[in-house]
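Chemist: Protein chains in written order, with the working numbering: chain A, -3 to 79; chain B, 194 to 603.
These are computed hints drawn from the structure, not numbers from a lab.
These figures come from a predicted structure and were not determined experimentally.
All C-beta atoms in this analysis are idealised placements derived from N, C-alpha and C, irrespective of residue type, glycine included.
Any given hint could turn out to be false.
[Stated by the list, open to error] The calculated label-pair distances, taken between Cβ atoms and stated as ranges, are:
#1 46/A / 575/B: 17 to 27 Å
#2 260/B / 62/A: 27 to 37 Å
#3 458/B / 8/A: 55 to 65 Å
[To be verified] Listed next, the in silico BS3-like pairs over lysine-lysine satisfying Cα-Cα at most 30 Å (straight line):
#4 529/B / 76/A
#5 50/A / 256/B
#6 256/B / 3/A
[What the hints assert, rightly or not] A short, non-exhaustive set of chain A residues, derived as facing chain B with CB atoms under 10 Å:
#7 16
#8 17
#9 43
#10 44
#11 46
#12 48
#13 50
#14 51
#15 52
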Amino acid sequence: MSQAFDKLLDARGLNCPMPLVNARKEIGKLDLGQVLKVVATDRGSVADFQGWAKVAKNMELVAQETESAEGANLYVHYVKRTA
Amino acid sequence: MAERPNDEIWSPEDLLGRLERRDKFFVLDVRNRDEFERFRLEGRSPLPAVNVPYFEMLELGGKEEMLDSVIAYIERDLADQLPPGVKILSVCAKGDTSEYVAEALRRLSYPCANLQGGMKAWGNYYATRALAKEPDLAIYQVSRPARGCLSYMVASAGKAIVIDPLRHLHPYLDLAKRIGVTIEAVIDTHGHADHISGGVALAAKAGAPYYLHPYDAIHPIDVLPATIPYEFMRDGQMFPVGRYALKAIHVPGHTLGLVAFQLDGRFIFTGDSIFIRSIARPDLGGKAETWAPLHRTSLERLLGLPGEITVLPGHFSSLDEADEKGRFAAPLEDLKRKNEGLLALQRETEEGFVGYLLESLPKIVPEYVNIKRVNAGLLAPAEEDAAALELGKNVCALSQAYVASGGGRQ
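Please work from the sequences and hints to get the whole structure.
Modeler: Below, the structure is given as structure tokens:
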């Protein structure tokens, strides 16, 4: 069921804007077509990654999931480099 | 983070003071557009504001680093929209991202400040104002200014009753400690739809009974009974507090179990019936046509109270409804001349007034059904879900009076 990915970015415990800022830097290091999995604890990252995907020209938001781990929610984003 | 002069970091308390004084400033809100639309900063008069999500600045600024990107974006795409010489308040959800934006503004020599803790802290900020301080009676209004929610502590001879406590308990516990009173009873005027009540939790903490009218212990949409512990409240019931007593007046309309409280012939806690500028909506139970005539009968009952009685409402929709000391309170006779809903009540026939009510209904907020479930104990959200349910200003008043000021979530 889990989405395939090529690289993992652990953004747990980071506040806005760092999950998105760090993901943007990591995207630049991927090859075209590769997928970055971002794991965050910041709930706001869900809407922010969606908004970012609308303006960014080199990436696509492939999937988003919410997982429950030890009572806290994890917000997982899969981002593919497209250009 | 480096030390900043005080006027470059505004706490929620600073912000409230500036809004009340009508200080001039410009809001740069960097949250995503949905959040901005749902919950924005509002003052006594409309605040000039622009919304550019931080991720758009970051992406369109085109630089590797956040700060460099934001600087590039502001210089190229935003400078035209920023008024020269006016302080810019940088705002985001939690106050961290807006600090990057404030730093970018500083580097570009704009006068600016960051809202500490962001809209989350502003939404959770409580202000406590004394309404009466007499030798054996004190009344405090405890508000959440961002949400337009009002609650009260009535204290006499070392005892206190709390009316409509909001979700966070510290304002009431701190106040009780500060003025040296024991909370003897906690009362909700009705089952709230717009915010999560702190009633049950505060009563448990204080070891006091929690009162609710039984009609509001049934969820109106689900038609399911509440699972919370509560004591029945009835019309005419007296609630002693020190040397005084509150008298319950059942005024159904906004909900079936809405109760107002009269204190000493001088004060009337109206809950969601009469507000300062408007009156409550009758449609949150999904039965607007059936409840509107009840609402009218209840409002007429309240209108029969002495004109000099001070109305203490459950909500405001604009900070501009406050007096010069930031208190939301007014004599009933003033409201008969100024309150849009009460003017309509006095002007219209029964049929005409019901028509007025039904034509003035604001948009239904989808979260309100779940908030009522939470308040009845039918749903128990985690903290962050509870906060998300409550986001934004209440929409409990008729819309008419606020159309001109742009208030409300229309």
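Chemist: Tell me, which hint numbers fail for this structure?
Modeler: 4
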